[in-house]
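Residue 477 in the working numbering is what sits at position 223 of the sequence shown, and the numbering runs on without skipping anything.
Since the hints were made in silico from the structure, they are not lab data. It cannot be assumed that every hint is accurate.
Straight-line Cα separation of at most 20 Å, EDC-like style, residue types lysine to aspartate or glutamate; simulated pairs [to be verified]: (1) Lys597 / Asp576; (2) Lys258 / Glu285; (3) Lys483 / Glu346; (4) Lys257 / Glu285; (5) Lys362 / Glu285; (6) Lys362 / Glu313; (7) Lys364 / Glu444; (8) Lys362 / Glu373; (9) Lys364 / Glu464; (10) Lys257 / Glu279; (11) Lys325 / Asp266; (12) Lys362 / Asp318; (13) Lys364 / Asp266; (14) Lys258 / Glu279; (15) Lys597 / Glu613; (16) Lys330 / Glu279; (17) Lys483 / Asp502; (18) Lys597 / Glu444; (19) Lys362 / Glu346; (20) Lys362 / Asp292; (21) Lys362 / Glu279.
Fair warning: this is a prediction, and the values are worked out from it, not measured in the lab.
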Amino acid sequence: MRKKIRVLVIDDSASVRQTLVSVLEADPDIEVMGVAPDPFVAARRIQEEIPDVITLDVEMPRMDGITFLRKLMSQKPIPVVMCSSLTEMGSETLMQALEAGAVDVILKPKIAAADHLNEIGDRIRHVVKAAAQARLGNVRRTHGASASGTTKKLTADAVLPPPTGRAMAKTTEKVVCIGASTGGTESLREVLEALPANAPGIVIVQHMPEKFTAAFARRLNSLCQVEVKEAEHGDPVLRGHVLIAPGDRHTLLERQGARYHVSVRTGPLVSRHRPSVDVLFRSAARSAGANAVGIILTGMGDDGARGLEEMKNAGAHTVAQDEATSVVFGMPREAIARGAAAKVLPLEHMAREIMQSTESW
Numbered sequence: 255m256r257k258k259i260r261v262l263v264i265d266d267s268a269s270v271r272q273t274l275v276s277v278l279e280a281d282p283d284i285e286v287m288g289v290a291p292d293p294f295v296a297a298r299r300i301q302e303e304i305p306d307v308i309t310l311d312v313e314m315p316r317m318d319g320i321t322f323l324r325k326l327m328s329q330k331p332i333p334v335v336m337c338s339s340l341t342e343m344g345s346e347t348l349m350q351a352l353e354a355g356a357v358d359v360i361l362k363p364k365i366a367a368a369d370h371l372n373e374i375g376d377r378i379r380h381v382v383k384a385a386a387q388a389r390l391g392n393v394r395r396t397h398g399a400s401a402s403g404t405t406k407k408l409t410a411d412a413v414l415p416p417p418t419g420r421a422m423a424k425t426t427e428k429v430v431c432i433g434a435s436t437g438g439t440e441s442l443r444e445v446l447e448a449l450p451a452n453a454p455g456i457v458i459v460q461h462m463p464e465k466f467t468a469a470f471a472r473r474l475n476s477l478c479q480v481e482v483k484e485a486e487h488g489d490p491v492l493r494g495h496v497l498i499a500p501g502d503r504h505t506l507l508e509r510q511g512a513r514y515h516v517s518v519r520t521g522p523l524v525s526r527h528r529p530s531v532d533v534l535f536r537s538a539a540r541s542a543g544a545n546a547v548g549i550i551l552t553g554m555g556d557d558g559a560r561g562l563e564e565m566k567n568a569g570a571h572t573v574a575q576d577e578a579t580s581v582v583f584g585m586p587r588e589a590i591a592r593g594a595a596a597k598v599l600p601l602e603h604m605a606r607e608i609m610q611s612t613e614s615w
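Could you put together the complete structure from these sequences and hints?
Here is the structure:
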């Protein structure tokens, strides 16, 4: 029998703890080993048994989640997923949590319409499974867990048709599309910080909930030479600018003449995600063809693998992050297995690859 992922839930709300337990244990690969109303109770529980993953609330009595996270990472690193309400202030705080070592972020589940709870439940289970596989330093905790969920897994066909196979003529406008999931927030920061102010236009899908992507974009903008913002419908893709797909919306690349812009729209989950990397990559294959560079970074599952293959077939230059530098080598591995990546590179080489592959055309 496959070993279950053992999770410790830390939240001061009894109803949230109960809902999280129900959501997590709906997956046969996950077992909630315990719950705690605050970090002090959690610390005692950890002394008895070390969990595989911790879900951690941000605002709690006696000690806030960020302080506890920093203490935990300095003493006994364990994969931590931060859990917060959907607020602008909360999302800014969660950026600090990611910097402090959290693997990912999730929204606090609420009792709502069944469809909504199913979607957020799938997201929570997916994130926890990915966290169980995350590398913390040189340590990798792997349970062989799949990314299975209760929601039917749709492809990018649900949002837009496949590429026609007609390669786009090369133009002076180049565009880079990047997809990432678990571990991607810090990986993207490393890549974007290394880019010069005249870098080609970039569109990014990072799996994150609604609201959090805006805070993520603001944080990157404060650190990078390139301008970074959350994408809005109709935004042009310009040199020196980076657009981050908003959470809970698909972002597509579209072309008008020799110029590119993004289309931000609703739609079903694709590869169990919204935004989906497959949707962005397919749109790049259709609209940019050989004028594009596709890069797939760390993350669990296979979102983006099919789309990267479509980009490659349309003439784009395609790159996957290598296993050694990936927090979770799921998405890049699937892309490599499909033959979708022309190159496999460590994270520290990605910025240079972006500049060289676009300037050489």
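Structure-based check of all given hints:
{"no.": "1", "hint": "Lys597 / Asp576", "result": "holds, 9 Å"}
{"no.": "2", "hint": "Lys258 / Glu285", "result": "holds, 6 Å"}
{"no.": "3", "hint": "Lys483 / Glu346", "result": "holds, 14 Å"}
{"no.": "4", "hint": "Lys257 / Glu285", "result": "holds, 10 Å"}
{"no.": "5", "hint": "Lys362 / Glu285", "result": "holds, 18 Å"}
{"no.": "6", "hint": "Lys362 / Glu313", "result": "holds, 12 Å"}
{"no.": "7", "hint": "Lys364 / Glu444", "result": "violated, 34 Å"}
{"no.": "8", "hint": "Lys362 / Glu373", "result": "holds, 13 Å"}
{"no.": "9", "hint": "Lys364 / Glu464", "result": "holds, 15 Å"}
{"no.": "10", "hint": "Lys257 / Glu279", "result": "holds, 14 Å"}
{"no.": "11", "hint": "Lys325 / Asp266", "result": "holds, 19 Å"}
{"no.": "12", "hint": "Lys362 / Asp318", "result": "holds, 16 Å"}
{"no.": "13", "hint": "Lys364 / Asp266", "result": "holds, 15 Å"}
{"no.": "14", "hint": "Lys258 / Glu279", "result": "holds, 10 Å"}
{"no.": "15", "hint": "Lys597 / Glu613", "result": "holds, 17 Å"}
{"no.": "16", "hint": "Lys330 / Glu279", "result": "violated, 25 Å"}
{"no.": "17", "hint": "Lys483 / Asp502", "result": "holds, 16 Å"}
{"no.": "18", "hint": "Lys597 / Glu444", "result": "holds, 19 Å"}
{"no.": "19", "hint": "Lys362 / Glu346", "result": "holds, 16 Å"}
{"no.": "20", "hint": "Lys362 / Asp292", "result": "holds, 16 Å"}
{"no.": "21", "hint": "Lys362 / Glu279", "result": "holds, 16 Å"}
The structure fails hints 7 and 16 (numbered hints given earlier, in ascending order).
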